[in-house]
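Which chain is which? The protein sequence lines are V and P, in order.
Just so it is clear: in the first sequence, position 47 is 47 by UniProt numbering, and no numbers are missing.
Just so it is clear: in the second sequence, position 154 is 154 by UniProt numbering, and no numbers are missing.
Rather than coming from a laboratory, the hints here were simulated on the basis of the structure.
Watch out, some of these pointers could steer you wrong.
Stated by the list, open to error - With a straight-line Cα cutoff of 20 Å, these simulated EDC-like cross-link-like pairs (lysine to aspartate or glutamate) come out:
no., chain 1, residue 1, chain 2, residue 2
1, P, 309, P, 336
2, P, 358, P, 420
3, P, 425, P, 384
4, P, 425, P, 286
5, V, 115, P, 290
6, V, 115, P, 314
7, P, 360, P, 286
8, P, 425, P, 355
9, V, 115, P, 286
10, V, 154, P, 343
11, V, 154, P, 13
12, P, 422, P, 406
13, P, 425, P, 406
14, P, 422, P, 343
15, V, 115, P, 384
16, P, 415, P, 314
17, V, 115, P, 130
Stated by the list, open to error - Quick look at which bits of chain V chain P covers, simulated, 3 or more residues with Cβ under 8 Å:
no., stretch
18, 16-26
19, 31-44
20, 64-77
21, 128-142
Backbone N, C-alpha and C define an ideal beta-carbon position, used for all residues, glycine too.
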Amino acid sequence: MRKSRADEFLEFASARTGHLFRSACLLTSGDTHLAEDLAQETLGRMYAQWGRMARIGNPAAYAQTVLVRTFLSHQRRRSATERPLGELPDRAPDDGGDPALRIALLDALAGLAPKDRAVVVLRYWEDRSIEETADALHVSSAAVRTRSVRALAKLRERLGGSIAEFATR
Amino acid sequence: MSQNDESQHEGFEEELGAVLRRTGDGFSADDRRELVAGGLQRGRRRLVRRRLAVTGGALALAAVGIGGVYGGSLVGPGGKATTTSVAAAPKPGNATGTADPKRPEQAQIPVKDLAAVLKAHTPAGTWEIDDLDAKGQSVGGVYDDGHGKAAVSVGLYRVGRTAESGEDQVACPDKAVVAFDRCISGRVPNGDRLMAIQGYVYPDKREETKYWRVVLLTKDGFLIDVNEYNAAAEKGAPISRENPPFTMSQLKALVTTDDWRPLLKQLPQVPATQLAPGKAAQPPAEPVGDSVQATLRTLLPKGLRVVDKGGSGEFGFLVVDDGKGKSLVQINVQSDMRDVADDLYGSGDVTTLPDGRKVKLIQQPGEKGGAGVVWWTADTMTPEGFRVVVSAFNTGAQHEAATRAEPALTLDQLKAIALDPKWQKLPRK
């Protein structure tokens with residue numbers, strides 16, 4: 001018997017939700033409540049399109065794209081939250097490692113424009129190519145490159161040399 | 001940039017990836033099942049809404065990709081089963097009710113016509129063209145001259161609204177970010193502009209698949225974009241030869257042939273709403289510099305002292321004081337927001353003005369943790385999707401406690417600011 005739309009979707013969602021949520025945490029620079037909201041919204045959009053998923057070769061990757069677009073449209077819509085306040089993230093990740101640098105990273109991410117942050121997350125967390133990042137964001141690859149340079153310079157300035165020590169630990 | 005700087009830069013990118021992964025992996029959802037259930041519920045609601053009435057909206061935005069206007073890179077070779085193609089415009093006849101009327105349709109050029117020009121202007125070899133019977137505005141396939149299979153694609157586009165969609169396509173990227181061996185850009189004898197780059201699929205060269213690309217920007221606003229690889233696919237296929245099959249001169253000859261002209265003419269026009277009156281393909285983008293904040297200042301009611309200011313592009317803010325305490329005033333001036341109009345103005349205190357502009361007034365508690373903070377907003381949008389949203393708080397900073405009972409501006413004053421004609425005349429870049 002053919003699985004129902006809901007069953008198929010649930011199978012997909014159960015496997016992907018953790019990763020979607022983690023991506024959302026990076027996009028929101030540690031705002032876990034917003035990240036939960038974005039993850040659910042993304043799953044909702046995926047479900048609504050589930051009938052057409054057969055034509056989509058890689059729903060997992062597509063879900064990430066939907067997440068990033070949902071995040072960006074959310075950022076534009078909210079409008080009143082874009083003034084960088086230098087707030088510490090709501091909740092730091094808690095896997096027992098050195099929390100200081102992670103908080104520093106989330107804080108540094110928070111200092112980026114939302115689209116720049118999306119570029120960083122797609123390129124260095126999702127490991128997407130420039131071209132794929134450009135597609136996900138509906139901008140040109142040249143624009144992605146420009147945003148990458150700017151974002152990396154800013155992150156580097158904020159994080160300084162400490163990142164190297166942290167990365168190799 | 002010195003060799004040393006460059007290697008440091010690459011090192012930083014790698015380290016950033018490692019730190020991002022460790023930081024991201026450190027987050028765990030409190031209850032994943034709850035998220036899944038919530039997602040399912042939202043999806044069901046979304047379906048119901050769609051069945052009730054579909055007039056574009058966010059779903060359509062996600063489902064409909066770049067359409068006929070150049071908004072990003074072209075579809076990858078093969079054009080299917082990649083993350084690249086999932087956002088591409090739906091195939092004709094599918095996805096009824098999801099097409100966004102303000103986005104251009106994908107062109108209906110027979111792929112075989114595109115393939116014919118491609119074959120006619122490249123050296124002899126065997127071709128496997130994807131979706132030969134389909135229609136669209138790009139063609140992709142695998143070429144073999146006997147020295148190894150190679151993915152090749154060509155896409156035709158009309159230049160969209162922004163520099164990102166036109167001039168930026170024919171400018172060489174910054175070598176600090178992208179590894180490439182060679183890039184040249186300049187004009188061809190008839191005045192069209194061209195960029196030729198020999199780069200890599202993965203900018204960090206973790207796989208050394210070469211990616212060569214030549215883009216032509218014609219004087220009349222078309223882009224012809226050809227790409228080739230030294231593998232049978234952009235990704236996921238092993239390198240099949242040392243270099244992609246065609247030389248840069250051959251690619252240049254391919255993009256500059258007049259045989260594309262009849263096909264370019266078949267590309268759909270950029271919708272009129274995306275173009276500024278009297279100008280072709282150079283319509284408004286973001287407001288320039290701090291013009292939003294500066295204009296906001298000119299529209300403030302009398303008697304307010306500005307004690308802080310900031311913002312750029314679409315966003316500006318002022319902290320004002322009327323002698324009774326600080327009050328933060330924020331504004332966003334945004335174009336092309338029509339896709340979220342239903343979400344924004346679908347409920348609440350919304351009025352529609354005679355000229356079609358929607359105005360929504362909102363009074364709500366602050367959301368950044370400042371004690372006793374209230375947040376008043378006038379949110380307006382023209383039928384074309386030009387949105388001005390002005391908010392005021394009863395504090396100088398959202399995360400700080402209230403400094404006064406109410407914001408320094410009334411809702412009516414916020415509304416008057418948002419509806420001022422000055423916003424539509426801001427200098428833009």
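Residue 154 of chain V and residue 343 of chain P were given as a pair; does the straight-line alpha-carbon distance stay at or below 20 Å?
Given that 20 Å is the threshold and the Cα spacing comes to 34 Å, the pair is violated.
Holds or violated: are the alpha carbons of residue 115 of chain V and residue 286 of chain P at most 20 Å from each other?
Holds, because 14 Å separates the two Cα atoms, which is no more than 20 Å.
Holds or violated: are the alpha carbons of residue 425 of chain P and residue 406 of chain P at most 20 Å from each other?
violated, 31 Å
Straight-line alpha-carbon gap residue 425 of chain P to residue 286 of chain P, limit 20 Å
Judged against 20 Å, a Cα distance of about 12 Å means the pair holds.
Holds or violated: residue 360 of chain P and residue 286 of chain P, Cα atoms, limit 20 Å.
Judged against 20 Å, a Cα distance of about 23 Å means the pair is violated.
Mind checking the alpha carbons of residue 115 of chain V and residue 130 of chain P for me, to see if they're no more than 20 Å apart?
Not satisfied, since the Cα-Cα distance of roughly 33 Å exceeds 20 Å.
Verify the proposed pairing of residue 425 of chain P with residue 384 of chain P, using a straight-line Cα cut of 20 Å.
Answer holds: residue 425 of chain P to residue 384 of chain P is near 15 Å, not above 20 Å.
Checking one constraint from the list: CA of residue 309 of chain P to CA of residue 336 of chain P, max 20 Å. Satisfied?
violated, 26 Å
Take the stretch 128-142 of chain V, compare each residue's beta carbon with every beta carbon of chain P, and decide whether three or more fall closer than 8 Å.
Holds, because 14 residues of the stretch 128-142 of chain V bring their Cβ atoms closer than 8 Å to Cβ atoms of chain P.
Residue 115 of chain V paired with residue 384 of chain P [C-alpha distance capped at 20 Å]:
Between residue 115 of chain V and residue 384 of chain P the Cα gap is close to 23 Å, so the pair fails against 20 Å, i.e. violated.
Hint check: residue 115 of chain V vs residue 290 of chain P, CA-CA at most 20 Å. Holds or violated?
holds, 19 Å
For the stretch 31-44 of chain V, does the count of residues with a C-beta closer than 8 Å to a C-beta of chain P reach 3?
holds (count 9)
Violated hints, listed in ascending order, are 1, 7, 10, 12, 13, 14, 15 and 17; each of the other numbered hints is respected by the structure.
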